[in-house]
Each structure stands twice: as structure tokens, then as C-alpha cells.
Amino acid sequence: MPYTPHTAEDIREMLDVLGLATVDDLFRSLPAAVRPPAGLDLPSSLSEEEVWRVMSNLAALNAGQDELASFLGGGVYDAAIPAAVDAVVSRSEFLTAYTPYQPEVSQGTLQVIYEWQTFVTRLTGLPVANASMYDGSTALVEGVRMALGRTGRDAVVLPAALNPRHRRVLETNLASEGVTILTAPIGAAGTTDPAALRALLDGRAGAVVIQNPNHLGLIEPVDALAAAARDAGALVVASVNPVSLSLLKTPAEYGAAVATGEAQPFGVPCGWGGPLLGFLSCSDELKRLIPGRVVGRTVDHDGREGYVLTLQTREQHIRREKATSNICSNQGLNMARGTVYLALLGTEGLRELGAANRVRCEALRAILRGIDGVQLPFAGPVFNEFVVRLPRPAREFRAFAREQGILAGIPLDGFAGCGAGDLLVAVTERRTADEIERYGSALRDFLEQ
Amino acid sequence: MSHERQGATPARWGADLQTSLFAKGRAGRRATTMPAWRGDDVDTALPAGALRAAPADLPSLSEPEVLRHYTLLSNLNHHIERGLYPLGSCTMKYNPRLNEKVAALSGFASLHPEQDEADLQGLLCALKLLQDALCEITGFAACSLQPAAGAHGEYLGMQVIRARHLDRGENGRTEVLIPDSAHGTNPASVVLTGMKPRTLKSGPDGRLDLDALRAAVGPQTAGIMITNPNTLGLFESDIVEVARIVHAAGGLLYMDGANLNAILGKAKPALMGFDVVHLNLHKTFSTPHGGGGPGAGPICVTQELARFLPAPVIREDAGVYRLDACAGECRPSVHAYMGNTGVCLRALTYILRLGGDGLTRVSERAVLNANYLRKRLEGLLTVEHAEGTLHEFIATGADWKEKFGVRTLDIAKRMLDYGIHAPTIYFPLIVDEAIMVEPTETESKETLDRFVDVVAAIRAEAERDPDLLRTAPHTTPVSRLDEAAAARRPDLSWLGPCNCG
Chain A
3 MPYTPHTAED IREMLDVLGL ATVDDLFRSL PAAVRPPAGL DLPSSLSEEE VWRVMSNLAA
63 LNAGQDELAS FLGGGVYDAA IPAAVDAVVS RSEFLTAYTP YQPEVSQGTL QVIYEWQTFV
123 TRLTGLPVAN ASMYDGSTAL VEGVRMALGR TGRDAVVLPA ALNPRHRRVL ETNLASEGVT
183 ILTAPIGAAG TTDPAALRAL LDGRAGAVVI QNPNHLGLIE PVDALAAAAR DAGALVVASV
243 NPVSLSLLKT PAEYGAAVAT GEAQPFGVPC GWGGPLLGFL SCSDELKRLI PGRVVGRTVD
303 HDGREGYVLT LQTREQHIRR EKATSNICSN QGLNMARGTV YLALLGTEGL RELGAANRVR
363 CEALRAILRG IDGVQLPFAG PVFNEFVVRL PRPAREFRAF AREQGILAGI PLDGFAGCGA
423 GDLLVAVTER RTADEIERYG SALRDFLEQ
Chain B
2 MSHERQGATP ARWGADLQTS LFAKGRAGRR ATTMPAWRGD DVDTALPAGA LRAAPADLPS
62 LSEPEVLRHY TLLSNLNHHI ERGLYPLGSC TMKYNPRLNE KVAALSGFAS LHPEQDEADL
122 QGLLCALKLL QDALCEITGF AACSLQPAAG AHGEYLGMQV IRARHLDRGE NGRTEVLIPD
182 SAHGTNPASV VLTGMKPRTL KSGPDGRLDL DALRAAVGPQ TAGIMITNPN TLGLFESDIV
242 EVARIVHAAG GLLYMDGANL NAILGKAKPA LMGFDVVHLN LHKTFSTPHG GGGPGAGPIC
302 VTQELARFLP APVIREDAGV YRLDACAGEC RPSVHAYMGN TGVCLRALTY ILRLGGDGLT
362 RVSERAVLNA NYLRKRLEGL LTVEHAEGTL HEFIATGADW KEKFGVRTLD IAKRMLDYGI
422 HAPTIYFPLI VDEAIMVEPT ETESKETLDR FVDVVAAIRA EAERDPDLLR TAPHTTPVSR
482 LDEAAAARRP DLSWLGPCNC G
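Here the protein sequences line up with chains A and B, keeping their order.
Residue 3 is where the first sequence starts when you use this note's numbering, and the numbers rise one by one after that.
Residue 2 is where the second sequence starts when you use this note's numbering, and the numbers rise one by one after that.
Pulled out of the complex, with its shape left as it was, chain A reads as follows (with noise of 0.2 Å):
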């Protein structure tokens, strides 16, 4: 049978040491009512090549963004991943290796998540980062039990421009904690209103998140809306496109104790949404408040250099239910493959590839700004992503633009006041100008149908 090197003599040799005659002699503990009668009612066995035939085939079934030209983001972006990711990620000693918790033997794995670590507050601002969460949404619930942990309150502000998918998994975990949740309306700007948020503020708040660029792709007023939450004793919890932060100002330079966000973009496959690479850090002040696995630099008994697992008191291990959070397994492997990265970017790297992603996003923005009926509706500066407004449904077009290979964008109907016509559309380094052109043409097409 496959993996299992057993010949029928080392099970019989095994079963004799045993005194026992056959292996189901060692299930005698399990009751009869628990096991199945007629064991697993299952397909048998397949080959190799056969079970490589089944799912290839079902592969093909499928079309994804290495064959459609895609303007699909939201939080999950149609990134260009150097080969060299997948070289090291691909490495046994990376992919079957355990968490680190033997560091003698895993100082691999633990000079990695250090790396990360420091990408991450490099990237932030922030001094603090952690070995990775979930994905973005996971994240930004941690960020925000961490602000409420260290404030003692009970609310918490969302954007109304938040992402949405963020904020459902938030309400999940927030409601039956029993935390209050507030939404800070948008302005006629797309972006939140400072004064509004300002209203909102009644002491009970102890964090506000900020979401930059929000889900409409608008770079929102962070400066002013941190002051917003700093006069009213709140901390600000920010979820952060990473990418952007390339050229955007970081959290830590408008006042966030605790940055979040989704890292796909640093060399993950989009994959269906999953695995992703969720991202944390914080402030010095809250560190003993992080979740998660934290690595630190140390000496070994010899002063070598070495890192081990730190901050454990706060791990669930240790802890139980007094842990900072229930995370143990995270997403260690999609973390190598954003530190390996952001090591093949470098700083140079990094800029152009803001630069990279902001030209093209202009380009298309500006050819959609050429046609007849079309509207960009909000006029703040946006880094990767943007509404476009269009004169019939969105779906339609999307259903348009697909028959001619290309995935136009997410429909906004319903969020945050966006119409039946309002389309999110993401432009990343990926896109080509040819593409950006097609694009302009499905949508002139579609509009003189």
C-alpha cells in the first residue's frame, strides 16, 4: 500500500513481539457500536498517475489568472511570484520540517521567521511582528481583541469602507465576545469622515480601525483619523494592503499600535483565496499582548548566535484559556515564501514594485476616464485599485469582459452606498498594456451593444 513500508513479515515478526494474532486484536478497546460495519465506503486505491489524471483533469476544468487577464482584488491580488520562491518553499527541509519548538534543530526555520518578522516592521514601522496568522481577517480580529485587551473597553469603530469579508469574520468573533460594534461613515470622498468619526468617539471605543486603502481603493485620511481616535483614548488598529506600503505612509507614522493585513501578494498563489499570509504587529507596549508564535535572537550555551521560540507565557500551550489567543498552527510556509520575497525585492525592488502597480492603475484609469458614460466616482488619490462607475449593471460587464478572457473587477452593489453600475477594479504589475488596452475595448464594446 502506498507510503507504508511494511512487508507482510514485519507485521507478522511485529505482531508476535506483540503476542498478538491479528492487527485488529490491537482495536479490541473500541466498542462495537462506534465502528462502521462495512468499514469506509470509499473508491480503492488509485495509482499515482491515476489519482495525477484525476485531479489534473479536474485542473483543467478550471480557468484562473495565468490564462485570464485579471482586475480582481479585494484583498487577494494576482501577484508575479519569482521562481525562486517556489524553489526554496519547495524544499524538504522548509515544507516538512515542524513548528520550531526542538530549536537546536530548527534554527532553519526559526532565522526565517526572524527575517519575517523584520520585514514586517520594516514595512509597518512597527517594532513588533509575529510568525503570521490565518490571512488578513483573522489578523485584523487579533489586532483588534489586542487594543481592547490593553484599553479595557468593550467597542470597537469599523469603516464602512471595510472590507467586507474582513468585517464578517469579525462580527462572528467580536459578537460572542460581547463587543460592541460602531461603523464610521464615508464622506462624499469614499473615504471616512473624520468629524463623523470624531461623533462616534464616546470613550467606549478602545480601538478604531482604519482599513488603507479602504475597499473602494481610496488612500483614506489616516493622519486625521488616527488624531480622531487618540483624542478619545482609542488605539488605532490599521489593515494594511502591504504592497502599498511601498510608497504609503506607514501606520506606525500616523500613530497605530497595531498593524494588519493580508501579505498574498509577496509571493503566494492566489489559490482560491487559501492558503493566504496574514500579518500582525504592534506596538513595544502591546507585545506581550500578540498572538501566535514571536521569535527572538539569543546565544546558545557555547555564545553562538541562535534563535528560539520567546514570549511563550502568552501561547495557549502554556496558558490555556488565559492565552492571548487560541492560534497554533499558522502559515509558516506562505511566511517563507513572503520573506523569501521580500529578500529577492530588496529595497529597490520594493519601490518599483509600488511604481510598478501605480503606473498601470493610472493607465487604466485614465483610458476608462475617456469613455462616454463612464465615471470614476471618487476623486481621492488610490494606489493599485478603484471604482469605476458604469452606465449599466456591473455584472453585465464582468459577464462581457469574461467571454473575452479578462476578469473585470468585483460588483460593488450594496456596499457602502456603491451602486448596481459600481465595479472595484485591481491593476497590478502582472497586467500588461496590451491587457489594459483590451480592457478599455471590452468595456467600449460592451456600452454600444
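Don't read these hints as lab results, they were simulated from the structure.
Think of the CB as a built atom: it goes at the ideal place given N, C-alpha and C, for glycine as much as any other residue.
Watch out, some of these pointers could steer you wrong.
[Stated by the list, open to error] Below, in silico cross-link-like pairs of lysine-lysine (DSBU-like), each with a Cα-Cα straight-line distance of 35 Å or less:
1. K202(B) - K402(B)
2. K324(A) - K202(B)
3. K129(B) - K102(B)
4. K404(B) - K202(B)
5. K376(B) - K202(B)
6. K446(B) - K289(A)
7. K446(B) - K102(B)
8. K289(A) - K197(B)
9. K324(A) - K289(A)
10. K404(B) - K376(B)
11. K376(B) - K324(A)
12. K402(B) - K376(B)
13. K376(B) - K446(B)
14. K446(B) - K404(B)
15. K324(A) - K197(B)
[To be verified] If the Cβ cut is set under 8 Å, some of the chain B residues that face chain A in the computed set are:
16. D212
17. A213
18. A488
Following the hints, put chain B in place on chain A, whose structure we already have.
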């Protein structure tokens, strides 16, 4: 700051410690370059107030340097393709390469989660196949693939149980019973759902104590979380009676499926009387641990609880798959999308390769391996609760402590010198000096025999020279690390500038 230069020294092959990545960069070096923009010039300027004051200071390296850095770092890791990994409750089995090849297929890996169902038919079919297989294996009616890890599955499972009680107006059911042998994630997950964990003391045989259970249940009981087989490797043979007691009190039963590798095809959680189970695909179903993740922790539930699972739900009608958003229903969500899909595809690949017959044999051989190893270790280590252990067992180094003055930690560290990863130690908490061994089915008899030889050799060393153990390991890239200093003065990121060498 100038880069510190040291004289050249020879080093042992294969285990060179690496200088920090952040000290290796040099201004002007490049690895990745961005695709050139071949369109018209456009104004990309952003308002100054939106921009960061200075670019992020990252190391600049060439691609060969990056590859060499990570290859040399990788040499410092133990991993499943290198040697035995007998970590109890972690099921460190071989991770088939076919799984990786399948998950990397562009038709899966390049899908965006906001695409239409028409572009996802093969994927949805695969995920439905996996859900159906997991339901068959556990005996349940419905499955959610959304949880990204075991603890995440526990959390969702507790949310489901809480939602069901609230739905019936039973708001007072907020207490969850947890045996003292449970994983730390269990109580931590309960607390996060706003409920309260209550510890149940195990009986003298290491199993649930029915009298203690009867005394503990009541109108406050939301449910009980049980790992079965439990962390001692023992099947809770009274489980049907346990289920009767808890259900009679109005509570539900949650099974932590961390140890499912023991009972594939041999017992079904639904037949035991459970209402919810989570499965660790990165344990039982062979997906890699990746140095900490990503795993996947799907949950399976009874028909009654199906309507409390996250949306969307995959539906199939005459060979066409769609995602039902379950509009108008109030369902929980614990992940932005549908969970760790790539991990789920690996698990499906494994299940197809093994088949129903193969999965049953997985458990038979996992249990055979563990029992053989337990038996052979008699006289070397003290085995606790030996009667009826399944896929893992608990030994203790208690008599080593008495006779030789060495602790379980010392034994574990010395194993590293023999190329074996240390077993899980000091868990479960209810056994003093615990050593928890789970060999899994993918290890050969020769490997198990060598493990016994290694323990015998270490025991002889302990008798002769206990300091050899107390200061172990000796052949690893680093010796024991100063964890106290790491926690007292946390150094959590590189603070120096990059590219100044």
C-alpha cells in the same frame, strides 16, 4: 556602520550557521526586476501627505545570494525527509510529493476567490469530493472546509454549538467541559467564543471519569470537548455512555480530531455520539507542516447543525456545481474566503491515492507501529497506561530522574544527537516527565528498532555520564539556547541598517 569582517575558519559540512540576511545586502545589487511598462506615460504622483517618509530599508541581494542563504539555512532544520519525527499528537507522517504537484497546478493555484462558479467547476467538484469523503470517514452529514488550522476548527465548532443553543433560546448554556489531558488550544478556543471551560479530572486509568462527568453536567452545560483517542493514546471506551449523559443534560459533544490517524475505518465519531469533529488535514491526511503551517482544520457536523456552518455552501445539481450564499441565513464566518483550499486539495489527493481500504490500513499500521515500539521500549522507559494504547503512547523518564538525575528534557535533547527529532515532552500535563511518542505508519520496522537502540544507548550514557545528556545536544548547529535571556530582553527583529557593507 561597516560590515564586521571575520577571519575565515573551516566549518563542519552541512550545518554552517548563517550571518543575518540583513548584513548581507549591498547597495546596488538586484535580484527581481519588474516588468517594463510599455504603455503611455501617466501621472502617478500621490499627495506628499499620503507617502512614507523614507523607503523601507531592506537588504539588496542578487538572486544567487538569496538562494544560497536559504539553502544553507534549510540545512539547519530537521525535517520528515531527513529522519524520524516521533512527535506525539502531531502525526508527522511522510508528506507525498504528489500532493505538492497537484496543489501547484495552475488550474488550482491561480484561481482568484472572486471568480464566477463557471470558472471553478473542477475546483468545486474536488472540494465537494473532499467534503463527502470526510463525512464518510467521520460519519457526519455536512462539512465546512473554512477553518485554516485545528484550533481554528475548534473555534468554529464551538461557534456552531453556541449558535445552536442560542437558536433554541438556551442562552444559559455557556460551560464547556474539557478533560485535563486536553490540548491547550481547547480551553483557549472555548474562551474566545464567550463560553467558559471547566476542567474534568481524568480517571486513574487515564480515561474520562463517568462519575465526575455526571456530577459536572447540568443546565449550564453547552457541551464537552473530547480528544478520542485521547492524548494518552487511549480510546475512550465509555464514549457512548458519555454521549448519553451529555445529550441527556442538553449539551453537545465536540471531538478534537487530532488523533484521528488511529481510527480511520475503525471507528466513526458520529457513531460515538459526537455532534461536531474537526480534522487536522496536516496530520491525518499527510499535508506538510511547513515549519508551523499552513494546515487545515475542517469540521464535520450532524444534519441538525449543518445550517450553522459558514456560507457559501457547495451544491451540486446534475454535475453542475454552484456556491450557495445561503442568503437570509445567519451563519458564522472565520476566514475571508473558504479556508486553506490548497491544503484541502493535497488531502483529497492523498485520500484518492489511499482509497477506503488504504486509509483503514493507515490506522492499522500506525497503531501497530506504536504498539510495537511501546513494547520494545519496556525496561528502557516507563510506559504509562500501557493497556490499549493506539497510535501513540506516553512514556516517562521519571525513573531516569531518580536513578541518573536526568530529566525528560535531557533525554529528548540527546536524541537530537542521534538524528531523531525529540518526541513531544511534558505533555499531557497530567503525566510527570511525560514523553509522548507517535511513530506514524510511514516508518519502517528498522527505523523503530533503531529508535529503541538509540534509547538504550542514551540510557547507558545516562548511567555512565549524565552530564552528557544534561548538556546535550552536542552535534547540532547550536547547543541549548538561552531562552530566559530571549524572553527577558526580547530581540525580535534586526535593528541595524541594511546594505552598508
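Checking each numbered hint in turn, tell me which of them this model violates, lowest number first.
6, 11, 16 and 17
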